[in-house]
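Chemist: Just so we're on the same page, this note's numbering is the position in the sequence shown counted from 1, plus 450.
No lab work stands behind these hints, which were simulated from the structure alone.
Please read all numbers here as calculations on a predicted model, not as lab measurements.
Mixed in with the good hints there might be a few duds.
EDC-like, lysine to aspartate or glutamate: derived pairs with alpha carbons at most 20 Å apart [to be verified]: (1) 621 / 568; (2) 1049 / 1005; (3) 1100 / 519; (4) 560 / 651; (5) 458 / 519.
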Amino acid sequence: MQSTDLRKKVGQLFAVGFHGLTPSPEIKTLIHEYGLGGIVLFKRNISDAAQLQSLTHSLQEEARLAGHDYPLFIGIDQENGLVTRISPPIAAQLPGPMALGATYASELAKEVGTVTGETLRLFGINMNYAPVCDINSEPLNPVIGVRSFGDHPGLVGRLACATAQGLREQKVVPSVKHFPGHGDTAVDSHYGLPVISKTREQLDKCELRPFRRAIAEGIEAVMTAHISLPSVDDSHLPATLSAKALNILRKDMNYDGMVITDCLEMDGIRASYGTEQGAVLALGAGCDSIMVCHTYDVQVGSIDKICEAVESGKVPTSRLEEACRRVTALKARFLSWDAALKSQGLNGLTSLKQKGAKLAKEAYSSSVTLVRDTQSILPLSPSSKIAFLFPGDKTPAGGAVDGEGLGRKGSYNASIYLDILKQWNNQAFEIQYGPMGLSTEQLSLVDAADVVIFASINARESAYQRTLGLELPRHNRPMVAMALCNPYDFLEDSFIQTYVATYEPTIEAFTVAVELLFRPHLAKGSLPVGPEKPAPRWLEVQQYAAATDFSQVYDVWLAALPSYRVSADNLTEAITPPPHVLPVESHHLVARTSYPESKVVGFCLLFVAAQQDTVCVQLAALAVDPKLQGRGVGTALLAECRAWMEKTFKKSRLELGSTFPRFWPGLPIDLPTEVQEFFVHRGFQLIPSPAVC
C-alpha cells in the first residue's frame, strides 16, 4: 500500500474539530491531503443559521473536490438541555435527557429525537453524538448528571432507544455513549481518569443494560468512555484503549457496528498516554473512528502515528481494514452526495422552530417536578413579596458544557429568570449570592420578604450554595428551594419542605417551574432518580394467577405467536409442571394495563430448577400483544423477573429456553433476527438442543 493511500485510508477513520466559522486552511488540508472522514462541530463554529448551513455545505464541497468516495460525517453533541450546541435563537431549546426521564414517556423522547434530527439535517449535520446511555448512579458525578435520563437502567435504555429512533428516522446517525458507562464516578474524564471498581456482574446489572438494549435495537454507533475498569482489565487501561473492555461489545454483545472514541485530547487519555499514542492504542483495541477535537498538529500527528503503526505491523492491516469497512458501511447506509450537496435553504426553519417550541412546552410541562411541599406553601400568592435568591458567581458544570448563554460554564443571567418570575408576581426582587454568603443588607431584605425562592445550580458541588440553602430555613420565612440543574442539591434534606426540580437551567424549563409555583396542580414530573419504577405508569407486572389470567394469556399467545398455535388445554398443561416428576417450579408473570381497562397484554413463563449450588431460572416464553410491542412491556417483564430473582435467590442465573416443560430448548430458529436479538443482547444464555435419540 502506497504511503499516500495509507494516509488517506487512516484519515477516513478520523473525526476532528477546528476553529472558525468557515472551513479553515487546516481543515481543508486534512480533507484533501489526509482523506479526513469526519468533522466535529462545536459552538465555536456556529454564529447563525445561514452561516451554519453554509459551513457544512462548504465542508462537503471540499470533500467532493478532494475526490472522496462518500461525504463527510459531520457530527455534533446535540444532547439537548445542558449540552446544546445549536441553541436559541437558531433553533428551539429542547429538553435534555433527565428532563425527559422525569416524564417517563418514550413517545416524548422519540419526538424530541425526531425534531432534533430534523434540525440537524436542515443544517447539513448527519451524525449526533447522542443519546447518552450512562446511568447517573453517583449523585456527585461532575460530568454526566442531568445528561443522563436517570439512575434506573430500564428507563435509561428505553428513552435512549426512543431518542435514537427519532434521529434515525431523519437520516441522522445516532451514537450512544459513553460505553461501558460513565455514570458511577465522581471524576470528570475531561480532567482525569475515572476508575469504576465494580465487578463484571455488577456492570451487567446496571451500566451495561442500556447498551445491550441499544444494540438489540440496531444502534449504528457507540462512543467509548475514558474510564478504567480494573475488574475487566487489570492493566487499568481506559476502556477506549482496552481490547478487553471493547470485547464486551464485540464478543459478548455481538456488536459489529462502528465504535467511536470520545475525544482523545481529554485528560483521561492525553495526560497518561498522549493523544497520538492513544490513537494507535484505540485503533488496536477495536475502535473504528478516532476523535481529536481541537489541535491541528495533534490531529496530523495522530494520523501519522497510526500509519507508522500499520507499516510496522504494530496495528495489523486487518484491523485497519475492519475499521474502514465499518465506517464505509455506515456512510453508504446514511449518506449520499445528492443529499450532502443539496442547497436546502432556510425556508422550513421557522416552522421547524415553532414545532420544536410546541414540543418543548409539552415536554417541560410533563417533566418539571414538585418533589415535595409538606407544609403546603404552594400556591404562591401573586401579591406576596418574594425574595428570589440566585447564585451570582460561577457555578459548577462538567467539561462537556461549552459556549455561551444559559447552561454554560460560568455566570448565569439572573435578570432573565427574574423577568419570568415577575410575569406572575411583580413584587418579586432579586438577591444574588456568592461564596461570601449574604451581606447584612441582603439578610434584611430576606427577613422582610413574605416568601423566599432559593435557586441553586449543582449545589452538591458548590459548598457556598449548600451552606446558604441549609441556613435560610432558620429565618422562619416560607421557602421554596429550586434545583435548576441536578435534582440532588437538597433532595435528601427533608426540613427544606418545598422543593422543585427543573433538571436544567434553561429559560424554557424555568418558565414552566415558575408557573408550577402558582399553579401546583399542574405538576406532572416524577423524579427519574431514587427508587426505581418497575414498569411504565400505565402498566403493572404481577405474578400469574391461573384462575383469572389464563384466558387472556392464551389470547396473547395466539396473537403474538401465530406460528405456534396450541389448544388451551395443551397450554394449560404445559405451563403447570406436574407434581413429583421433576424438581421444577413455576413463577410466571403477566403484564397488565392499568387503564383504560385492566387487561393482560404480555406474559413470561418462568421455570425454576436447582442445578448444583446455583438456581437456574429458565425463560420458556415471553410474548407481548403485537399492538403494544415496542412500548416497554417486554422490558418491564424482564425487569420484574430480574428483581424477583435478586430478592429470592442468593445465587441464580437466567437462561433462555426450557428443558422441561419443553417449549423450546433455546431460541426458535425461525424467529426474526430482531426478535432473537431482543433476548440475546439482554444477556440470556441459550440452552443447546440435546441430541435426539
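Chemist: All the hints need checking, so say for each whether the structure fits it.
Modeler: Status of each hint after checking the structure:
no., hint, in the structure
1, 621 / 568, "holds, 9 Å"
2, 1049 / 1005, "holds, 11 Å"
3, 1100 / 519, "violated, 56 Å"
4, 560 / 651, "violated, 31 Å"
5, 458 / 519, "holds, 11 Å"
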